[in-house]
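Engineer: Below are the chains, spelled out letter by letter.
Number of protein chains: 2
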Amino acid sequence: MQAVGIVVEYNPFHNGHLHHVNEAKRTTNSDVAVAVMSGQFLQRGEPALVDKWHRTKMALASEVDIVIELPYIFSTAQATGFASGAVQLLEAMQCTTLAFGSEQGSITPFLNTFHLIESNRTLYNAIIKETIQQGKSYPQALFAAYEQLKQLSPNAYIDLGQPNNILGFHYVEAMEQLQTVMRPATIQRIAAGYHDAIDTDSEIASATGIRQALFSGQSLEQVTQYLPEASIEQLGHWQAEHGRFASWESFWPLLQYAILRHTPQQLKQYADVSEGLENSLIKYARSSSNFVEFMNAMKSKRYTWTRLQRMLTHIYTGVTKEQLHAYSSPTYIRILGMTSAGQQYISRIKKSLSLPLISRVAAVSDPILAIDLHATQMYQLGIQQFSNKKIDEDYKTPPIRY
Amino acid sequence: MQAVGIVVEYNPFHNGHLHHVNEAKRTTNSDVAVAVMSGQFLQRGEPALVDKWHRTKMALASEVDIVIELPYIFSTAQATGFASGAVQLLEAMQCTTLAFGSEQGSITPFLNTFHLIESNRTLYNAIIKETIQQGKSYPQALFAAYEQLKQLSPNAYIDLGQPNNILGFHYVEAMEQLQTVMRPATIQRIAAGYHDAIDTDSEIASATGIRQALFSGQSLEQVTQYLPEASIEQLGHWQAEHGRFASWESFWPLLQYAILRHTPQQLKQYADVSEGLENSLIKYARSSSNFVEFMNAMKSKRYTWTRLQRMLTHIYTGVTKEQLHAYSSPTYIRILGMTSAGQQYISRIKKSLSLPLISRVAAVSDPILAIDLHATQMYQLGIQQFSNKKIDEDYKTPPIRY
Numbered sequence: 001m002q003a004v005g006i007v008v009e010y011n012p013f014h015n016g017h018l019h020h021v022n023e024a025k026r027t028t029n030s031d032v033a034v035a036v037m038s039g040q041f042l043q044r045g046e047p048a049l050v051d052k053w054h055r056t057k058m059a060l061a062s063e064v065d066i067v068i069e070l071p072y073i074f075s076t077a078q079a080t081g082f083a084s085g086a087v088q089l090l091e092a093m094q095c096t097t098l099a100f101g102s103e104q105g106s107i108t109p110f111l112n113t114f115h116l117i118e119s120n121r122t123l124y125n126a127i128i129k130e131t132i133q134q135g136k137s138y139p140q141a142l143f144a145a146y147e148q149l150k151q152l153s154p155n156a157y158i159d160l161g162q163p164n165n166i167l168g169f170h171y172v173e174a175m176e177q178l179q180t181v182m183r184p185a186t187i188q189r190i191a192a193g194y195h196d197a198i199d200t201d202s203e204i205a206s207a208t209g210i211r212q213a214l215f216s217g218q219s220l221e222q223v224t225q226y227l228p229e230a231s232i233e234q235l236g237h238w239q240a241e242h243g244r245f246a247s248w249e250s251f252w253p254l255l256q257y258a259i260l261r262h263t264p265q266q267l268k269q270y271a272d273v274s275e276g277l278e279n280s281l282i283k284y285a286r287s288s289s290n291f292v293e294f295m296n297a298m299k300s301k302r303y304t305w306t307r308l309q310r311m312l313t314h315i316y317t318g319v320t321k322e323q324l325h326a327y328s329s330p331t332y333i334r335i336l337g338m339t340s341a342g343q344q345y346i347s348r349i350k351k352s353l354s355l356p357l358i359s360r361v362a363a364v365s366d367p368i369l370a371i372d373l374h375a376t377q378m379y380q381l382g383i384q385q386f387s388n389k390k391i392d393e394d395y396k397t398p399p400i401r402y
Numbered sequence: 001m002q003a004v005g006i007v008v009e010y011n012p013f014h015n016g017h018l019h020h021v022n023e024a025k026r027t028t029n030s031d032v033a034v035a036v037m038s039g040q041f042l043q044r045g046e047p048a049l050v051d052k053w054h055r056t057k058m059a060l061a062s063e064v065d066i067v068i069e070l071p072y073i074f075s076t077a078q079a080t081g082f083a084s085g086a087v088q089l090l091e092a093m094q095c096t097t098l099a100f101g102s103e104q105g106s107i108t109p110f111l112n113t114f115h116l117i118e119s120n121r122t123l124y125n126a127i128i129k130e131t132i133q134q135g136k137s138y139p140q141a142l143f144a145a146y147e148q149l150k151q152l153s154p155n156a157y158i159d160l161g162q163p164n165n166i167l168g169f170h171y172v173e174a175m176e177q178l179q180t181v182m183r184p185a186t187i188q189r190i191a192a193g194y195h196d197a198i199d200t201d202s203e204i205a206s207a208t209g210i211r212q213a214l215f216s217g218q219s220l221e222q223v224t225q226y227l228p229e230a231s232i233e234q235l236g237h238w239q240a241e242h243g244r245f246a247s248w249e250s251f252w253p254l255l256q257y258a259i260l261r262h263t264p265q266q267l268k269q270y271a272d273v274s275e276g277l278e279n280s281l282i283k284y285a286r287s288s289s290n291f292v293e294f295m296n297a298m299k300s301k302r303y304t305w306t307r308l309q310r311m312l313t314h315i316y317t318g319v320t321k322e323q324l325h326a327y328s329s330p331t332y333i334r335i336l337g338m339t340s341a342g343q344q345y346i347s348r349i350k351k352s353l354s355l356p357l358i359s360r361v362a363a364v365s366d367p368i369l370a371i372d373l374h375a376t377q378m379y380q381l382g383i384q385q386f387s388n389k390k391i392d393e394d395y396k397t398p399p400i401r402y
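If you read the sequences in order, they're chains A and B. For the record, in the first sequence the residue sitting at position 256 is 256 according to the UniProt record's numbering, with numbers rising by one throughout. For the record, in the second sequence the residue sitting at position 20 is 20 according to the UniProt record's numbering, with numbers rising by one throughout.
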């Protein structure tokens with residue numbers, strides 16, 4: 001049996017994702033698709049629309065065979081750490097290929113780009129540093145450095161202005177640096193751009209567009225055309241149970257409280273809180289009455305929305321810089337769910353796994369896992385702040401079998 | 001002009017309090033009554049029913065002339081620290097007498113009790129220590145030690161089984177130890193016991209009884225007979241604005257979140273969190289769906305409800321043990337409100353004050369005051385978690401003039 005690995009967030013799982021899984025299996029001639037998926041908090045630094053269990057069910061109903069949780073310390077890290085955690089898990093799952101979607105659509109330019117940057121790393125970093133000092137954001141600095149490097153040796157390179165190309169680059173980079181047996185492949189993304197609003201003439205919309213539609217008060221029926229039936233069903237269950245989808249806006253009362261509990265000095269224990277941000281956090285948490293108002297006050301040229309959100313995720317969950325940076329490699333494989341084909345695949349590789357496989361968490365003591373269980377609690381508190389539920393879902397939920 | 005000092009919480013101000021102020025002024029022949037009042041969090045370790053501004057208005061409308069805020073670090077301390085902070089502030093306000101209500105009703109037995117304990121301090125502490133080691137609570141141990149001491153030298157002593165006698169004892173103790181110019185006096189409490197439920201045949205009910213009635217869903221009309229008109233009015237304003245009175249039950253979603261944000265180790269930074277309480281806190285915060293359920297799970301013979309609540313107050317506000325224990329004396333006098341007679345009195349003593357007088361806080365930088373402003377924010381967040389108000393009341397509210 002051959003497995004293809006994919007790195008996903010499924011927030012929510014839509015037709016574009018379905019296309020990607022199918023193409024990943026077809027083009028690599030794989031029997032199963034293994035998805036490593038962010039848990040309750042995502043790489044953009046925000047809570048997932050619905051929890052990891054609902055998203056796992058969406059995936060298993062739509063051609064994904066195994067869903068592995070990407071631990072919090074990786075899922076909320078910058079692109080490099082995110083990619084490294086995901087790549088290590090897929091390698092541990094003995095995937096032959098990691099297939100990512102990209103605007104580029106062919107793999108050679110990714111490898112060219114990696115080798116260009118790798119062989120000019122010192123110059124590259126120097127340009128980035130200089131550009132940041134000129135007041136640009138990190139992504140802007142990265143882009144500027146890349147443009148200069150490309151002049152050195154003409155070749156087919158990727159366009160690092162495209163969000164999925166950037167992600168793909170980090171996967172390729174992680175695989176090359178970790179010297180994985182697993183090889184990279186890429187699938188041309190179709191139709192919707194990463195951040196595009198929905199287009200009613202298409203069956204493909206970006207997750208961003210779908211979320212925007214849901215939060216702007218549109219009913220599930222109005223986004224049905226972009227989602228597989230199982231996704232509609234899971235979103236419907238969630239909505240019926242919780243009344244709304246998770247978002248920073250709904251977590252705001254707790255986030256505001258979390259920020260204001262601290263002195264500026266105490267806030268510095270969280271990742272990315274420095275350079276006076278500790279004072280702005282308190283000042284604007286005090287003066288803002290909702291999340292968007294707060295973010296608009298916090299945002300500056302220097303800090304991207306995503307970086308600020310990641311910082312807020314850590315303040316919200318209470319996971320300190322020290323906890324976050326204590327580990328750079330996964331220490332276990334946590335199965336969130338599997339199909340019968342997925343189960344077959346696991347049975348075959350089980351004995352040769354390099355990391356322990358976790359299906360029930362209650363008996364396991366691991367510091368990275370402890371952070372995941374903690375993050376789940378914090379997510380549940382955010383959703384359940386108006387209900388009176390107990391907070392123990394991660395302990396009682398076994399892997400989903402589809 | 002002569003001033004009598006009183007130590008109050010007014011949660012809420014009721015007819016028994018009115019009787020106490022009037023008697024305090026009459027029996028000491030004073031022109032004004034100066035009340036040092038707990039702010040948003042009280043000595044029993046809970047949020048006040050309504051905020052300090054509303055309670056100040058109740059007091060000023062009912063014979064109190066000046067209301068001074070007892071800083072958070074004293075108002076949420078054990079009895080000794082609470083009494084010491086209050087006594088120091090009333091001494092700084094140049095009160096001639098501190099008049100407290102008690103079951104005892106005359107001052108000599110208080111002084112006798114103080115001198116009995118003071119001259120046998122070593123024995124007293126040894127018995128307390130031993131009794132606690134036998135598994136009793138601190139109040140129980142204190143009571144047992146006292147019973148043994150009384151055998152040493154027969155005299156008129158107070159009954160330390162009575163809650164207001166205990167408080168009074170701590171005021172006398174603080175005054176004797178600090179050698180204040182101000183002298184103690186006591187006023188016999190009338191009718192309702194400290195914790196009694198309300199009695200519809202009387203015009204006097206305990207604050208505890210009134211709160212119970214309010215939280216059990218009775219309307220303000222049903223407690224009208226126990227409260228001066230101004231108290232009814234202020235409670236009514238509050239209810240109209242916030243929909244409910246502040247309580248741990250309504251603060252529970254934030255308290256639960258605050259506890260669960262921490263690792264057990266991190267919880268130890270708060271006062272009284274030790275001896276495994278850090279693990280129980282997390283265990284029961286996870287399994288409880290409301291405050292009473294949580295407290296019933298937490299409570300044991302060893303820890304009184306009040307001690308647990310004080311611990312929770314600090315976790316809720318985020319004020320660490322280190323912050324709490326950094327100071328043992330007030331560094332300023334903060335006026336929450338005054339009548340015109342109160343203002344006259346302040347004008348007279350203004351030049352000879354030993355502590356700076358604060359009426360507007362925005363321009364003042366003081367670590368004890370910073371904690372008070374912080375506690376006010378935390379209180380406001382607790383009340384306003386379902387509204388979208390800004391959190392800046394302490395900065396914009398000047399002293400109330402009545």
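These are computed hints drawn from the structure, not numbers from a lab. Since this is a predicted model, take the numbers as computed values, not measurements. Worth double-checking, as some hints may not be accurate.
As the list makes no split between identical chains, a pair holds if one copy fits it or if it spans any two.
To be verified - Straight-line alpha carbon distances no greater than 27 Å define the calculated DSS-like cross-link-like pairs of lysine-lysine that follow:
#1 Lys321 <-> Lys283
#2 Lys150 <-> Lys299
#3 Lys268 <-> Lys351
#4 Lys268 <-> Lys321
Engineer: Taking the numbered hints from earlier one at a time, note which ones the structure violates and give those numbers from smallest to largest.
Structural biologist: The structure conflicts with hints 2 and 3, although it agrees with all the remaining ones.
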